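Protein chains: 2
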Amino acid sequence: MTIQPRLYNGTRDLLPQDMLPKEDVLAQFRASFQLYGFAPVETPAMEYLEILTGKYGDEGNQLIYRLDYRNEDPARRLALRYDLTVPLARLVAMHPDMPLPFKRYQLQPVWRADRPQPHQGRYREFMQCDIDTVGAQGRAADAEIVALCADLMRRLELPGFVIRINHRQLLAALVEQAGLGPESEATVCGAVDKLDKIGADGVRREMLAHGIPVAAADAVQELLNLPVQFGDTQLLQDRLQGHEAGLKALAELEELHRLVLGLGVPAEHVKLDLTLARGLSYYTGPIFETVLPSLPHMGSLMGGGRYDGLIGMFLGRDIPAVGATLGLDRILTALAQLKPHAQRSTPTRVLVARAFSETDTQALALAGRLRQAGIPTEIPLDGGKLKKQLSYADRKGIPHVVVLGPDEWATGQVQVKHMQAGGQEAADVEALLAAPARFFL
Amino acid sequence: MTIQPRLYNGTRDLLPQDMLPKEDVLAQFRASFQLYGFAPVETPAMEYLEILTGKYGDEGNQLIYRLDYRNEDPARRLALRYDLTVPLARLVAMHPDMPLPFKRYQLQPVWRADRPQPHQGRYREFMQCDIDTVGAQGRAADAEIVALCADLMRRLELPGFVIRINHRQLLAALVEQAGLGPESEATVCGAVDKLDKIGADGVRREMLAHGIPVAAADAVQELLNLPVQFGDTQLLQDRLQGHEAGLKALAELEELHRLVLGLGVPAEHVKLDLTLARGLSYYTGPIFETVLPSLPHMGSLMGGGRYDGLIGMFLGRDIPAVGATLGLDRILTALAQLKPHAQRSTPTRVLVARAFSETDTQALALAGRLRQAGIPTEIPLDGGKLKKQLSYADRKGIPHVVVLGPDEWATGQVQVKHMQAGGQEAADVEALLAAPARFFL
Chain A
0 MTIQPRLYNG
10 TRDLLPQDML
20 PKEDVLAQFR
30 ASFQLYGFAP
40 VETPAMEYLE
50 ILTGKYGDEG
60 NQLIYRLDYR
70 NEDPARRLAL
80 RYDLTVPLAR
90 LVAMHPDMPL
100 PFKRYQLQPV
110 WRADRPQPHQ
120 GRYREFMQCD
130 IDTVGAQGRA
140 ADAEIVALCA
150 DLMRRLELPG
160 FVIRINHRQL
170 LAALVEQAGL
180 GPESEATVCG
190 AVDKLDKIGA
200 DGVRREMLAH
210 GIPVAAADAV
220 QELLNLPVQF
230 GDTQLLQDRL
240 QGHEAGLKAL
250 AELEELHRLV
260 LGLGVPAEHV
270 KLDLTLARGL
280 SYYTGPIFET
290 VLPSLPHMGS
300 LMGGGRYDGL
310 IGMFLGRDIP
320 AVGATLGLDR
330 ILTALAQLKP
340 HAQRSTPTRV
350 LVARAFSETD
360 TQALALAGRL
370 RQAGIPTEIP
380 LDGGKLKKQL
390 SYADRKGIPH
400 VVVLGPDEWA
410 TGQVQVKHMQ
420 AGGQEAADVE
430 ALLAAPARFF
440 L
Chain B
0 MTIQPRLYNG
10 TRDLLPQDML
20 PKEDVLAQFR
30 ASFQLYGFAP
40 VETPAMEYLE
50 ILTGKYGDEG
60 NQLIYRLDYR
70 NEDPARRLAL
80 RYDLTVPLAR
90 LVAMHPDMPL
100 PFKRYQLQPV
110 WRADRPQPHQ
120 GRYREFMQCD
130 IDTVGAQGRA
140 ADAEIVALCA
150 DLMRRLELPG
160 FVIRINHRQL
170 LAALVEQAGL
180 GPESEATVCG
190 AVDKLDKIGA
200 DGVRREMLAH
210 GIPVAAADAV
220 QELLNLPVQF
230 GDTQLLQDRL
240 QGHEAGLKAL
250 AELEELHRLV
260 LGLGVPAEHV
270 KLDLTLARGL
280 SYYTGPIFET
290 VLPSLPHMGS
300 LMGGGRYDGL
310 IGMFLGRDIP
320 AVGATLGLDR
330 ILTALAQLKP
340 HAQRSTPTRV
350 LVARAFSETD
360 TQALALAGRL
370 RQAGIPTEIP
380 LDGGKLKKQL
390 SYADRKGIPH
400 VVVLGPDEWA
410 TGQVQVKHMQ
420 AGGQEAADVE
430 ALLAAPARFF
440 L
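Top to bottom, those sequences are chains A and B. Numbered by numbering that gives the first Met the number 0, the letters in the first sequence go through residues 0 to 440 in order. Numbered by numbering that gives the first Met the number 0, the letters in the second sequence go through residues 0 to 440 in order.
Just chain A, same shape as in the assembly:
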């Protein structure tokens, strides 16, 4: 019986052209995280089902992949990790003695039995990239994560980024000041969250469609459009007079802003944005997200906020926590759009041709020495004609080929062919090894 080789719908193979930028970006993530003292953690793909159920709402429950393994005992049923937050909460509960704050990053795939939309980058398996600080309640923990996101955007060379900042309790206060009760908060925030996609008119229509009175909808939009910015919020303070929680949230945002600048983030990257809603529900304090104005349809590349009610779920008490999720796939898409020339499908910089039996031993040795010099190098493994070897370099996208002609080699020279730039040049082999970057750009 022949088995048709195929992939499960909604999953994908990542080939070298996908993986090389992915590994580069993950290395940048790790370097930035560690500079801020975040430490790596990994948890198992398989968790007991009862650990996961009930944490993601009714809809989420349906999307958890269950394992077909010892299903007879409900307490031993297994499922695949759906996010990294519930496993973090489990881990924290199982290590009550760990020194707090606990600052961890976790870069692992998660699985959701969702309807896949590959053209929009939505898959049933995707890499989740989370950083979280557990056990610190003040604004310094929030500020540090905002500063880390800013550092990372600079490190990834994604210029002109903006980190939009808001506060869950400030949004709640503005909803109240518009004359609505707390039960309308989810509706209003759900509509405002779509502002980038459907525009102000769309937000208004959606509020009205969900039963928000016209006067209140107009009041909400007027409040959210107040011309305020960090350091200049008097108009907003006036409108929050007597609303303790709202004024407190605003003061927290100003403190957060002061700390973010104090950690070295240039002011132009940080904006107060009252319209930022971020799906909300579990956030309890400041929220933020990072966008690239040069790619307005991309949505946010990183986002997060404070959520003091989740991490203690297995302990039955609140544990303060703030975190961010980094959108790896979106960041990779943004980099591919902004730096298309940087894409590559092989790590190899040089192919040392094996075109002459007289210099074959020297070709192998030269490949070994180039590798020792830090140059990713291949040799044509099964030899063959030079033409075939050049064709392999061409198809693989290997930018340079070194040829050891016997006569030239006798004088210490090799030919360097530039496959992409075109042309070729003679090079002294010792000069080549001493400064390979001069020949292999």
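Keep in mind the hints are simulated off the structure, nothing from the lab. A few of these clues could be false.
Given that identical chains are not distinguished, each listed pair holds provided it fits within a single copy or across any two copies.
As the list claims (entries may be wrong) - Below are the SDA-like pairs computed for lysine to any residue, each with C-alpha atoms no more than 20 Å apart in a straight line:
#1 Lys387 with Asp359
#2 Lys21 with Gln127
#3 Lys416 with Arg437
#4 Lys21 with Pro39
#5 Lys21 with Met126
#6 Lys387 with Val415
#7 Lys270 with Pro295
#8 Lys387 with Pro98
#9 Lys247 with Gln136
#10 Lys270 with Val227
#11 Lys384 with Pro98
#12 Lys54 with Leu6
#13 Lys416 with Asp406
#14 Lys384 with Gln136
#15 Lys193 with Met297
#16 Lys193 with His209
#17 Lys416 with Arg394
#18 Lys21 with Leu155
#19 Lys247 with Phe229
Predicted model only: the values in this text are computed from it and were never measured.
Place chain B on chain A using the hints.
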């Protein structure tokens, strides 16, 4: 209802002290792989069950984790990846136009419903680290992978390693020359494979217990103990007279050895070892493994060989392939034993204390500047007393604490406390930033 936070038996959380060395080693893996032109690939955790079944023998079949998802249609049943070789074969079959040779590395977890033995490092989820060259049939492909393993051992600073090399067809020939039929090959190799664990007497007992006649068992042991080495195999050639396949295998090993040295591997690291058997069955040519004589009970840290019959499984034809598996957990264990001082549980090198309200802004700014200088730095997020901050650094294993006393700060000085080495010193803050490595060893 409270849910008891717990882990599925045979799985584990990897905490910072586990993950920091793991990430370091994986970064070394990737750097070495890329130097040789191996490119990264990832495949989904979930494969169709029919892709996986029948590939790992009856026992393996039982150990595949199946998903409880749309099980009604047998062709759509899903399972978790059991290794990385079958997914590679599937991927190769789905990309018939890829330029060959295809050199890929893959670092991903696999899952096996095996009996866990955590004290021996056996888990139901573990990271598999494979490199394979698909589509090259000559010895150069084999040699390159051996050379890569040697480079990696040097890069990991695991000195004195030995790469033992043998050939599947040479073993077969020796079994025949001992007067046994091909049906005895698996028995003999299975016994010889245990030599390190049970000794020569044990191997002999095991052969006899499996029905190998005494004379043949003695002949096998005599042949395997012939005093031969690369470049000096006359005794073996004499005993293989007339055995074409055996002599061919020996010639292939000599060619492999020549190429490995040609690629720059020092001769002392490479040994011909007729007793190397490596579980066998799917190997078809040269086989090898890397051991550390200083840790004799560790077993092999890396191992592999040529297996020309597997990768074409979905295409119904043979595709030449050679590869190696790197034992990440064993390598981490070896490093922990050989370099216990290098273990750490935080990436953070410096805690900038926030002990004085007068210098709090400066403390934040200094933390930001240390991070820009590449020094992993933390700040005490929720402040508190200096004593508490020092205790946090101590418990986390942060080696240095910088304190900004207001009077000292006024003269451009800070105190640097060395938590592990003990003692403290005054430092000019600009000197500190210019050469942080001088203060934070």
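### Task
Could you figure out if Lys416 and Arg394 sit no more than 20 Å apart (CA to CA) within one copy, between two copies, both or neither?
within (15 Å within a copy, 57 Å between copies)
### Query
Given identical chains, is Lys270 near Val227, meaning Cα to Cα at most 20 Å, within a copy, between copies, both, or neither?
within (10 Å within a copy, 74 Å between copies)
### Task
Check Lys416 against Arg437 for me: Cα-Cα at most 20 Å, and say if that holds within a copy, between copies, both or neither.
Result: close within a single copy only, 13 Å intra versus 45 Å inter.
### Query
For the identical chains here, do Lys384 and Pro98 meet the 20 Å Cα criterion within one copy, between copies, both, or neither?
between (63 Å within a copy, 16 Å between copies)
### Query
20 Å Cα cut-off: does Lys21 pair with Leu155 within a copy, between copies, both or neither?
Within one copy, since 12 Å is at most 20 Å while 24 Å is not.
### Message
Checking an output row: Lys21 and Gln127, CA cutoff 20 Å. Within, between, both or neither?
### Response
This pair counts as both: shortest intra-copy Cα distance 13 Å, inter-copy 19 Å.
### Query
Is it within, between, both or neither when you check Lys384 against Gln136 at 20 Å Cα-Cα?
between (67 Å within a copy, 16 Å between copies)
### Homomeric proximity label, Lys193 with His209: Cα distance no greater than 20 Å
Only inside one copy: Lys193 and His209 sit 14 Å apart there, 72 Å across copies, limit 20 Å.
### Task
Pop the pair Lys21 and Pro39 into one bin, within, between, both or neither, using alpha-carbon distances up to 20 Å.
both (18 Å within a copy, 10 Å between copies)
### Task
Evaluate Lys193 and Met297 at a C-alpha cut-off of 20 Å and name the case that applies: within, between, both or neither.
within (13 Å within a copy, 58 Å between copies)
### Message
Reference check for the pair Lys416 and Asp406, CA-CA at most 20 Å: within, between, both, or neither?
### Response
within (17 Å within a copy, 64 Å between copies)
### Message
One pair to classify: Lys387 and Val415, alpha carbons no more than 20 Å apart. Within, between, both, or neither?
### Response
within (17 Å within a copy, 62 Å between copies)
Comparing the model with each earlier hint shows no violations; every hint is respected.
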